[in-house]
Amino acid sequence: MKQSHSCKTALCALVVWLALSALVLSAHGHAVTNDAEIRIANFTFDPPVLTVKAGTTVKWINEDDIPHLVAEKDGAFRSAPLDTDEKFAQTLQVAGIVEYFCVLHPHMTGKIVVEP
Amino acid sequence: MRNRTKETPEDVGISRRGALECMIWAGTGVLWALSSGVPKSVGLLGEAAAAQASGFTFLQISDSHIGFNKPANPHALDTLREAIVKVEAVDTKPAFMIHTGDITHLSKPDEFDNAAQLIGEAKLDVHYVPGEHDFIDEGQGKAYLERYGEGTEGQGWYSFDDHGVHFIGLNNVVDLRAGGLGRLGPEQLSWLADDLKSKSNSTPIVVFAHIPLWTVYADWGWGTDDGLQAIEMLKRFGSVTVLNGHIHQIMQKVEGNMIFHTARSTCFPQPVPGTAPSPGPITVPADRLRSMLGITRVDMRVGDKPLAVTDTALAD
Chain A
1 MKQSHSCKTA LCALVVWLAL SALVLSAHGH AVTNDAEIRI ANFTFDPPVL
51 TVKAGTTVKW INEDDIPHLV AEKDGAFRSA PLDTDEKFAQ TLQVAGIVEY
101 FCVLHPHMTG KIVVEP
Chain B
117 MRNRTKETPE DVGISRRGAL ECMIWAGTGV LWALSSGVPK SVGLLGEAAA
167 AQASGFTFLQ ISDSHIGFNK PANPHALDTL REAIVKVEAV DTKPAFMIHT
217 GDITHLSKPD EFDNAAQLIG EAKLDVHYVP GEHDFIDEGQ GKAYLERYGE
267 GTEGQGWYSF DDHGVHFIGL NNVVDLRAGG LGRLGPEQLS WLADDLKSKS
317 NSTPIVVFAH IPLWTVYADW GWGTDDGLQA IEMLKRFGSV TVLNGHIHQI
367 MQKVEGNMIF HTARSTCFPQ PVPGTAPSPG PITVPADRLR SMLGITRVDM
417 RVGDKPLAVT DTALAD
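Chains A and B supply the protein sequences, listed in that same order.
Quick note: the first sequence uses our numbering, first residue 1, plus one each step.
Quick note: the second sequence uses our numbering, first residue 117, plus one each step.
It should be emphasised that the hints constitute simulated quantities derived from the structure, not laboratory data.
Here the structure is a predicted model, which means the values were calculated and not measured.
All C-beta atoms, glycine included, are put in the ideal place defined by N, C-alpha and C.
It is possible that some hints are incorrect.
[Said to hold, decoys possible] Partial list, computed: chain A residues near chain B (C-beta under 8 Å): (1) T56; (2) D64; (3) L69; (4) K73; (5) G75; (6) A76; (7) D85; (8) T109.
With these hints in hand, go ahead and build the complete structure from the sequences.
So this is what it looks like as structure tokens:
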């Protein structure tokens, strides 16, 4: 009985967390998530702002039929050209704001908030 | 702004004031001439034929994207080959050809090789400038510069003179900045200022670069951040023609004595600005594709109509 109550509480907490996450995402375009994947589609990074914990490996996947090339704005990291369905992964160890863009289409920009 | 796509020779006159004030966007098959520094569009065939009498012709191809294999055009080599057939069919032998970048899709050696082999079949001197797709090898442009950088300055910019016209090839795809557009950079702009210093105002100038030097559509990155600085340097000249690629469609703007023109791709079309969620390739039926790809011919002539730009689709 006690175990069941705990499960129920945990479930409720999960639902509330999911709802809050959705609210944050819809209100500010931010995604606070452990699923650190960024879709590149229609020449945009989705989500445009991602929040992760330090040490997270972030993956970008290109869903466009044109290549993109992901690079940190000051050159801290840079992918190879990513053709359709190709991925790039980068582990972010240091807390702070990571600003990146597409070298081929520099008007495409995104941001990752790395929390300690 | 006026769309002159379907104008006939009878209604093409525009005043100098009109030319200065308005931006003119033009579509397929429009030919432009400069008369006493004022641009006029004129009939296609007659004027083009007249231009051969005392001037010379050069050709522009662009955005061949060799290596592209997506549904918009799985046969990039075939359409480039068709474009070269069009080049070979030009009635007067062109003095040379320019390629305004995105020769390759992914800067791979075999893509450069295949493009060079096909373009070489035209048996013309070819002056290249790079597109951003030609600068994404591991060496960030090394592959392009090893092939086409000889005798150029900096990251591949250069100038040369032919038939009294001063030609300037610029690179606006290197060291691009987050959130920006195309970029020339201070080193190249300084070189350009030096290069122009000894030229008289009456020297006809042709500038070519991959990304449009003027802002066509900033939301899609179709422009050059510091392009205006180059344009300012060119304003004192009586005849300036700026030839670009990148946007895979014909657009023209006339401003004072300057004509800006973008060429079609030989590979795939891109949407008209703002008409699609992104500037990505558009897929059209195979029979329509060849009406959206093509080459550009420029006739230079000393006299009252020194310059004309004519676009020919692969389907024409």
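These are the hints, each one checked on the structure:
A cut of 8 Å between beta carbons decides the hint on T56 (chain A): the least distance to chain B is about 21 Å, and the hint is violated. A distance limit of 8 Å between C-beta atoms decides the matter here; for D64 (chain A) the minimum to chain B is near 6 Å, and the interface restraint holds. Nearest Cβ of chain B to the Cβ of L69 (chain A): about 6 Å, under the 8 Å cut. The hint holds. Proximity of K73 (chain A) to chain B holds as hinted, the smallest CB-CB distance being about 4 Å (cut-off 8 Å).
The beta carbon of G75 (chain A) is not positioned within 8 Å of any beta carbon in chain B (closest approach about 10 Å), and the interface hint is therefore violated. The interface hint given for A76 (chain A) is violated, since its Cβ lies 12 Å from the closest Cβ of chain B, which is over the 8 Å cut-off. Below 8 Å, beta-carbon pairs count as interface contacts, and D85 (chain A) has none with chain B, the closest being about 11 Å; its hint is therefore violated. Against a cut-off of 8 Å between C-beta atoms, the interface hint on T109 (chain A) holds, since the closest Cβ of chain B lies about 5 Å away.
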